[in-house]
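Q: Chain by chain, the residues run as shown.
There are 2 protein chains.
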Amino acid sequence: MKKGSLLILSGFSGVGKGTVAKQLVERYGYSLSVSATTRKPREGEVDGKDYFFKSVDEFKNLIDYNGFIEYARYVENYYGTPRKFVEDELKLGHNVILEIEVQGAFRIREQYPDALLVFITAPSAKEIKNRLLGRGTETEEVIQKRLNRALEESADMDQYDYIIVNDDLDQCVDDVNSVVVAQGCLKDNNLDLIQETIEGLKVL
Amino acid sequence: MKKGSLLILSGFSGVGKGTVAKQLVERYGYSLSVSATTRKPREGEVDGKDYFFKSVDEFKNLIDYNGFIEYARYVENYYGTPRKFVEDELKLGHNVILEIEVQGAFRIREQYPDALLVFITAPSAKEIKNRLLGRGTETEEVIQKRLNRALEESADMDQYDYIIVNDDLDQCVDDVNSVVVAQGCLKDNNLDLIQETIEGLKVL
Numbered sequence: 001m002k003k004g005s006l007l008i009l010s011g012f013s014g015v016g017k018g019t020v021a022k023q024l025v026e027r028y029g030y031s032l033s034v035s036a037t038t039r040k041p042r043e044g045e046v047d048g049k050d051y052f053f054k055s056v057d058e059f060k061n062l063i064d065y066n067g068f069i070e071y072a073r074y075v076e077n078y079y080g081t082p083r084k085f086v087e088d089e090l091k092l093g094h095n096v097i098l099e100i101e102v103q104g105a106f107r108i109r110e111q112y113p114d115a116l117l118v119f120i121t122a123p124s125a126k127e128i129k130n131r132l133l134g135r136g137t138e139t140e141e142v143i144q145k146r147l148n149r150a151l152e153e154s155a156d157m158d159q160y161d162y163i164i165v166n167d168d169l170d171q172c173v174d175d176v177n178s179v180v181v182a183q184g185c186l187k188d189n190n191l192d193l194i195q196e197t198i199e200g201l202k203v204l
Numbered sequence: 001m002k003k004g005s006l007l008i009l010s011g012f013s014g015v016g017k018g019t020v021a022k023q024l025v026e027r028y029g030y031s032l033s034v035s036a037t038t039r040k041p042r043e044g045e046v047d048g049k050d051y052f053f054k055s056v057d058e059f060k061n062l063i064d065y066n067g068f069i070e071y072a073r074y075v076e077n078y079y080g081t082p083r084k085f086v087e088d089e090l091k092l093g094h095n096v097i098l099e100i101e102v103q104g105a106f107r108i109r110e111q112y113p114d115a116l117l118v119f120i121t122a123p124s125a126k127e128i129k130n131r132l133l134g135r136g137t138e139t140e141e142v143i144q145k146r147l148n149r150a151l152e153e154s155a156d157m158d159q160y161d162y163i164i165v166n167d168d169l170d171q172c173v174d175d176v177n178s179v180v181v182a183q184g185c186l187k188d189n190n191l192d193l194i195q196e197t198i199e200g201l202k203v204l
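As given, the protein sequences belong to chains Y and E, one line each in that order.
Counting from 1, position 146 in the first sequence corresponds to residue 146 in this note's numbering; the numbering is continuous, with no gaps.
Counting from 1, position 1 in the second sequence corresponds to residue 1 in this note's numbering; the numbering is continuous, with no gaps.
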């Protein structure tokens, strides 16, 4: 059985990564990795769906047992990507999506050199700003913070394998799926088929 | 305007390259390059559609004027890929298909390093043989010749960028289109967008 692809989705805040990921699950049967965190659930968040909610002790124990592909601490909370789900799904031949920020993406690539790093962006800087503004209910300070973060992230875009514009959602989802399909068709991922073909033709 | 992709389709005889190419034109708007040849038209063949039919003098004149991306002589006939059509279409941002055998594909790659070399195959060696048999009207000698040629070609499969199985036609056409879409999304083909994004975010 062919192993699945590990698809890392990053991108600016508000650019629609989450919606793209959801569509890849619904339309193309991708498996979405759920992160673990020590922060408290917000209203409406479901354990095992939005996050795996863990105590700090549980989280640290998982770190000790190599239970995370990567983890990081933001402010006073831990966030991590559980290893078992990702590896089980890949072995089953499923494509797995991780939605993760830039530094986490690079840490994952160190362990999974075949991971596809895809950066989702908007058609222009102006449009990125529009989307950062969100529903127009944020303070000037929050918006400035998001803009600064976007500027930081933009400096790392050229470390990604693929840059995909989310202008039309369906198109964006198709494009992301295309880079995963293309990876499966790469010659280096079909050496067994080539070998079988050569051997098979010899004995015909 | 983004340049189009140059898609080179090769594959074993009978594997359906021509049908795949036709579907890419119909469903996805690709431009299909038409070869020039000095051989006589067969019944039903249309000049400018199946081939551009040329006299030997005309053909040699085109060679002298660098009119071909590549050309070759088989038995006593010349075959060549006219340069102008391919370059005009690429400049217009269209994806161009060349259906061409292995050695021609490699000569084209030397001039167009971004060309996508896709080898179309069947799911198994046995199935390749079934398709070589065609309509069952060929002599044993013709079939053996085709098999020998397939064996030769199989030795070069690992020089291709992508290996795509034509089991289900629609799936195969989608897969070929995916590798072209993926090429357009490659980071290196979006450096302008990255630069504009960085500069644009700085001044917001």
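Worth flagging that the hints you see were computed from the coordinates, not collected in a lab.
Keep in mind that the hints are not guaranteed to be accurate.
Since the list gives no way to pick out one identical chain from another, each pair is judged satisfied if it fits inside one copy or across any two copies.
Distance condition first, Cα-Cα at most 20 Å in a straight line; then the derived EDC-like pairs of lysine to aspartate or glutamate [unchecked claim]:
1) K40 to D57
2) K2 to D47
3) K60 to D168
4) K187 to E140
5) K145 to E76
6) K49 to D156
7) K187 to D114
8) K187 to D161
9) K126 to E141
10) K129 to E101
11) K202 to E127
12) K22 to E110
13) K126 to E196
Q: Could you work out which earlier hints the structure fails to respect and list their numbers in ascending sequence?
A: 2, 3, 4, 6 and 12
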